[in-house]
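Chains as they are written, first to last, in the numbering used here: chain X, 82 to 324; chain F, 82 to 324; chain W, 82 to 324; chain G, 82 to 324.
Hints are computed from structural coordinates only; laboratory data are not their basis. Computed from a predicted structure; not experimentally measured. Backbone N, C-alpha and C fix where the C-beta goes; we use that ideal spot for every residue, glycine too. Treat the hints with caution; some may be incorrect.
[What the hints assert, rightly or not] With beta-carbon atoms standing in for the labels, derived distance ranges: (1) G:Gly164 to F:Glu206: 41 to 51 Å; (2) X:Gln267 to W:Val322: 36 to 46 Å; (3) X:Ile244 to F:Asp243: 34 to 44 Å; (4) G:Arg262 to F:Glu147: 41 to 51 Å; (5) X:Glu147 to F:Arg120: 40 to 50 Å; (6) X:Gly263 to W:Lys303: 43 to 53 Å; (7) G:Arg262 to F:Gly242: 37 to 47 Å; (8) F:Glu206 to G:Arg262: 27 to 37 Å; (9) F:Glu206 to X:Gly164: 29 to 39 Å; (10) W:Glu287 to X:Glu147: 35 to 45 Å; (11) W:Ala249 to F:Lys113: 50 to 60 Å.
[To be verified] Sample of chain F residues lacking proximity to chain X, with all beta carbon distances greater than 12 Å (derived): (12) Glu95; (13) Ile175; (14) Asn323.
4 protein chains.
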Amino acid sequence: MLSRPLKHSLPFSEGKGYIIVNYKTYEQGKGKEGLKLTRILEKVGREYGINLAAAVSPLDIRYYTEAAEVPILAQHVDPIGFGSNTGFILPEAIKEAGAIGTLINHSEHRLRLADIEALVRKCEELGMLSCVCTNNILTTKAAACLNPDFVAVEPPELIGGDISVSRAQPEIIEGSVEAVRGIAPQVQVLCGAGVKNGEDVQKALELGSVGVLLASGVVKAKDPEAIMRDLAKGMIRFEEVNL
Amino acid sequence: MLSRPLKHSLPFSEGKGYIIVNYKTYEQGKGKEGLKLTRILEKVGREYGINLAAAVSPLDIRYYTEAAEVPILAQHVDPIGFGSNTGFILPEAIKEAGAIGTLINHSEHRLRLADIEALVRKCEELGMLSCVCTNNILTTKAAACLNPDFVAVEPPELIGGDISVSRAQPEIIEGSVEAVRGIAPQVQVLCGAGVKNGEDVQKALELGSVGVLLASGVVKAKDPEAIMRDLAKGMIRFEEVNL
Amino acid sequence: MLSRPLKHSLPFSEGKGYIIVNYKTYEQGKGKEGLKLTRILEKVGREYGINLAAAVSPLDIRYYTEAAEVPILAQHVDPIGFGSNTGFILPEAIKEAGAIGTLINHSEHRLRLADIEALVRKCEELGMLSCVCTNNILTTKAAACLNPDFVAVEPPELIGGDISVSRAQPEIIEGSVEAVRGIAPQVQVLCGAGVKNGEDVQKALELGSVGVLLASGVVKAKDPEAIMRDLAKGMIRFEEVNL
Amino acid sequence: MLSRPLKHSLPFSEGKGYIIVNYKTYEQGKGKEGLKLTRILEKVGREYGINLAAAVSPLDIRYYTEAAEVPILAQHVDPIGFGSNTGFILPEAIKEAGAIGTLINHSEHRLRLADIEALVRKCEELGMLSCVCTNNILTTKAAACLNPDFVAVEPPELIGGDISVSRAQPEIIEGSVEAVRGIAPQVQVLCGAGVKNGEDVQKALELGSVGVLLASGVVKAKDPEAIMRDLAKGMIRFEEVNL
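Just chain X, same shape as in the assembly (with noise of 0.2 Å):
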């Protein structure tokens, strides 16, 4: 069993592990285009059975959840509730809109402590998916202790970049999940930060890890689809040798 089971009933399968992409505000991630890429996600998700999530802008998560069936997370949340709050964005309606949860404190969209911890008590409430990204073990450890679904763990300084975390700093990853393990074993530990291939996939949940974050890799990648599938393909490399 790579992943355990989460709070709350998802369309995920259980002992699987996770493919999060996250189109950020790439041309290629919003709107038309972003819905083919999300179709590719749909089939290759469905082709090798592994568990994948896009987050995407707000602007798209009613169209990509009504269009294509790929479990589609936010980006962002802002710790509002109903009432006077121009222009941000309220957990209640990424529900409505669609989203099965949201990514917390991205390192491009970094929270206050107490922020973080209000948003993933809010997910609870609405039964939403949790992932709180973080930039080092300490903070990893913090972040579990506010008992998210995951934490996924991205070295800023690796973001965007061609070498993966899994690689240039595998001991982030291994410190993180011994980390979480010791003080919240029920929260899963993502791995962020320069994923560009299958073998990066594979190294990550050798690490400990139970999925991948990532987003430039995919989104900006000529041929999304081919990249997909050799994350899958690692992704079940792993299963065939560990499980």
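Fit chains F, W and G to the known structure of chain X by using the hints.
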């Protein structure tokens, strides 16, 4: 002629006044509930031949533009471009989703001066309407220098309250209109904060504004359609008397 | 023994409890007025042999450290280094000015998780005391993972109020103390929010904290010296009964 | 006459040009090192009879005003009043500490439009000098509407670089001067970004500014005194030729 031509070709009638309804993150202004409200705006707008627009959550922009014929504005956009900007609102993306423009610098989402200027330029470049919100005469004057389509003056202490700015502080509207006329006559002034009924609208237009920006008065009303009709009638009354 | 040793050699007595007074930007807590207050702290601290510190404006750090013998903390530092950071507070600069440490993430100045972690590391590197403020048990636990000297728990709704957290929500202090003990026993818990008198102090210590962080209760008091004495006596009473 | 009278009585000579040195958080610009630099400014200012000021860290405002006769500005103040504002910079407090004014909205510390306006008002109320930094002609025009004493135009891409704005983009200075003259002739324009030597100063004045705002060119120089003399000579040359 109440209003003047806009920079770009947009679905508004030249010479007519404006009512912009900000849905904020009110429960009644999102998803399916918000769609009902948008259909009310559509109906009243057609009936009275006035310029109506709704400023909605990014989650609902595509939804409402596809389902109703009301010009949709974003409530906020971020001063970013294509790229690594997880969880931010890309101006190009609100356009693709169907928005015809955006509020900028709303009282609940204040922006830095340099970012306001950059966003007004971006709206010009994308052929979108820009409406910069301000809090007093001097900031209105400053905003007008940046050459948006509209400046909406809203003294923060009156927002969401029961007394409209056109009654409580008419000198702010008059002073804003006068200041803008002297410095950037192509920029049109809207009157915000506390607008509740047709009399408030009429008064706002008499003070020299070309329309109103309001929120709770419509969105949280027991009978939004009745309120919308009353607002529209106030505008018609002004036109009958003054034009 | 009430308190445990700190990471660095600092002007505090091991085993004694702490009273930290936050001067905020109260009129009575800045410049000459604040100096009078600091001299009261000096006097009461000497008299009762307890650990006192004042968290003051950056404008007054050097002034007070030169004029009085009370350990001075900054109220905030920015996560920056030497360089092009106009108008930010450099950790190295508060040290040179005489501060022995700093509050981090105060309720009125919340910080991002990654920045809290970076600032605790910076304090360690500079041999300075770090006191991270938090709002509930889970954020206290998270903050303790970052290994500061102190975590000060302050439910925001009680800050500045008339009821101390040790009375209104004793379970938050107890829960925080217990959570920290299990995860980072070297980190010491302070009790903030609403502390007004010696009884509150005594109660806070009984719940397992090593002292209190307070502000208006002292700074805005008609007779700050009387209040300081009362707080000190509460601490002494606790020591007599429990140690 | 190079410069015009200020709103308040301040230690500057009417008619003379200005050199404002921003110490940022450079190692050479804080504490004891910064005091040496301040004494150099004092010396050169006296020798050449020009208007000099230093914009320094809040930690050093009282220190430098007590130890040297150079007008001291804050690098930033927060839009707050007396009260519960832990870790923020109170305008009243910089005044009590000896500052004669403040930079507002520096490129490294951008502020919201409404806050810039509120801070300019607060400076007026306290009899302090306000210098609003901007990034292009339109934001300069907007800032001038708020009626500060100075607007300092600094295209961000030139800040800290080797080419002064007066050489790289003279049209920005000329355009700013012209825009401000038409709208708020009492507001004076300073030229920032990349100023390195006396020729840059001379050029900046020829373009219509009344002085320069610079940082690294002086603070990080091997021989700040030589640079300061060169800057002062550039100003004198301009005066000899033009006045």
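Cross-check of the supplied hints:
no.	hint	verdict
1	G:Gly164 to F:Glu206: 41 to 51 Å	holds, 43 Å
2	X:Gln267 to W:Val322: 36 to 46 Å	holds, 41 Å
3	X:Ile244 to F:Asp243: 34 to 44 Å	violated, 60 Å
4	G:Arg262 to F:Glu147: 41 to 51 Å	holds, 50 Å
5	X:Glu147 to F:Arg120: 40 to 50 Å	violated, 20 Å
6	X:Gly263 to W:Lys303: 43 to 53 Å	holds, 50 Å
7	G:Arg262 to F:Gly242: 37 to 47 Å	holds, 40 Å
8	F:Glu206 to G:Arg262: 27 to 37 Å	holds, 29 Å
9	F:Glu206 to X:Gly164: 29 to 39 Å	holds, 33 Å
10	W:Glu287 to X:Glu147: 35 to 45 Å	violated, 58 Å
11	W:Ala249 to F:Lys113: 50 to 60 Å	violated, 41 Å
12	Glu95	holds, 28 Å
13	Ile175	violated, 6 Å
14	Asn323	holds, 31 Å
Hints 3, 5, 10, 11 and 13, counting from the list given before, are not met by this structure.
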